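Colleague: Below, each chain spelled out in residue letters.
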Amino acid sequence: MSLPCGIRNYNYAQDMAIVRTRTQWGLLLALIAVVFTAPLYFGNYWLGVFNLIGITLIAAVGLNILVGYCGQLSIGHAGFIAVGAYTSAVLTNRFEMPFLVGFLAAGLVSGLIGIVFGLPSVRVKGFYLAITTVAAQFIIIWVINHWGLTGGFTGISVPYASIGGFVFRSKTSQFFLIAGVAVLTIFLAKNLARTRVGRAFIAIRDNDLAAQVMGVNLLYYKLLAFFIGCFFAGIAGSLLAHCYYLNLNGEMFSFTDSILYIGMIIIGGLGTSLGPIMGVVLIRLLQQVLLPIYLVPFLESSFKNLPSGFATGVTPMLFGLVIVLFLILEPRGLAHRWALFKSAYRLWPFSY
Amino acid sequence: MSNKKSKKYLKYTLWVLAAGLLGYAIWMSVTNGEFLQFLITGISIGMVYALIALGFALIWKSSSVANLALGQIVLISSWFTYSMLVQAALPAYIAFPLVIIFAVFLGWCIERFALRPLIAQPILSLITVTLGIGYFIQGIVTFIWPWSVAGLPRLFPREVIHIGPAVISQEYLWVIGICLLVFVLLTLFFRYHRMGIAMRATADDQMAVQASGIPVTRVFSVSWMFACAVAAIGGVLISSIGGITQGLVETGLKSFSVVILGVLDSFVGCIVAGPVIGLAETMGGGYLTQYLWSGVKDIIPFVIIIIVMVIKPYGLFGETRIERI
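Protein chains in written order, with the numbering used here: chain A, 1 to 352; chain B, 1001 to 1325.
Treat the hints with care, since some could be wrong.
Cut-off 25 Å, straight-line C-alpha distance, at most; resulting in silico cross-link-like pairs (PhoX-like, lysine-lysine) [to be verified]: (1) A:Lys190 to A:Lys342; (2) A:Lys125 to B:Lys1312; (3) A:Lys125 to B:Lys1061.
Quick caveat, the hints were computed from the structure, so don't treat them as lab data. Predicted model, so just to flag it, every value in this text is computed and none were measured.
Can you build the whole structure from these sequences, using the hints too?
Modeller: And the structure:
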């Protein structure tokens, strides 16, 4: 990492630190302060959008560990989120467990299911693995739709999240819960990438054969990546169930959502800690705010002679286009652009 | 040495098993009408899967791109057929060539504008770009045809025919016939046509082909055109029976089980594995539903994918040219 002029490291601890300078500390604290005081400036609608962004962020960070760092393409992430959501829903609704138990169990069960469907990754990679995760998505949703315990097609109602008697009923309290978990997740993921485990993941992504020769245990680390990725998915699912939907059915976790999750981390930048944040914020804002509030009504009112409902096609069309364009024009995502901007800014006006 | 021997025994066992199954199937179809019905339905559905999977194999073989947008290509070409036949009310002999032209054009567009810039990119990009294309096509479909279900007019005579104890809708036999015809035509094309030979050569050794002056990019282009046309034919066949729904995307995804069970790049694999998957699906749907939950039919291909992945990841006809991890 390049530092501003005149900043030197005098010991290894300084060299390893994520946050180096006073300015960085100040900016970080300011950002966290802004995030956690957001309910003061925004109404309920925007808080709802932020809640969804936060939940998606947790899932996307998990997917980024699996796809971005470890290089194991998973196109069934919505399925794993569904596992988490339903585990937590079933535990709290049918067995009347407290929310926290359901929350942790959601992560664990989802991670274990992830390991089961990740097992083929030990023998195959690339397209084969992608197809396996697609199959996982469909099998999971089918089981959810038909199993009596999960409520089947009629769905299952979920109580509000509650910790020790405090019930997260208002959007504001839910926001604090989700933002807390999301910040923690991002912090964990950022640090995970710097540990032995993270370096093993990156080695596997870059060349698994070489990694094996260097003594990285492929079986262990690939399954660990699946576990961690799906653990975050499960936690996100639990929050989605208890703080966002409150009434689940299998339709909410479709295959197109899985594609969208992949799209988000690609647009943000694979294998960076900043990438998922940028991708998720961009896509969710487009999906939740720009399209339904501005673009779709505009299209519906200006093209009256087209069959009704046509404008719902705009969303997938736009996202598909964005994914393709990003892959062609900027495969390293927004995070790379941001890094370029930062280095240009740092050196300005002497850019060489 | 012992490994080789055990492989040999495995082969014998498989042959004996296959022969036994065949005998059982013949016996059952003579005595049991329902069984024969499932057999014919399964084979015809499986043939359609095989066609779609062939579309996949064509692209994979020439350019090593895994095309996950097949389902949506099937979907959009079925809707286009609907437009031509019902909305524009064209006669079939004009409509079907138009559908093929549309599919070929679609394939050309995809290859030229999305895949060409990504040549020599890592496989992760190549897979995800087709996902993006699929998403885009799905958006277009919703944009142009926002009602989600439609029926194609019946393409084939509907009179049932009686074979022994079974009552079979004629259209299934037509589907099998047309699929076989397409397979034969494609085989002839690859055997005798200049471009077909060039495509086979590209699959074999891309470097050598380029060195001998064959435009590899055009080969890629042509293989995408063929793939889309073949997938469109499969889509029209299957939606003439089942109607046009969003489920067609899932049909496209199911055909990946054919791809996995056969081998990624083998024609024979596709043709054998297709009916196997189709049979497993209809037989499973017919006989397992009473023991399991309803709709078990729809996930059997996916379960097969997982099983094949765990047991024999490179397919029934997999070559030993395996990239071991």
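Colleague: Taking the hints in turn, state whether each one holds.
Modeller: Outcome of the hint check:
For the suggested pair Lys190 of chain A and Lys342 of chain A, the alpha carbons sit about 19 Å apart, so the restraint of at most 25 Å is met. Using a Cα cut-off of 25 Å, the hinted pair Lys125 of chain A and Lys1312 of chain B holds, with the two alpha carbons roughly 14 Å apart. For the proposed pair Lys125 of chain A and Lys1061 of chain B, the alpha carbon gap of about 17 Å is at most 25 Å, so the pair holds.
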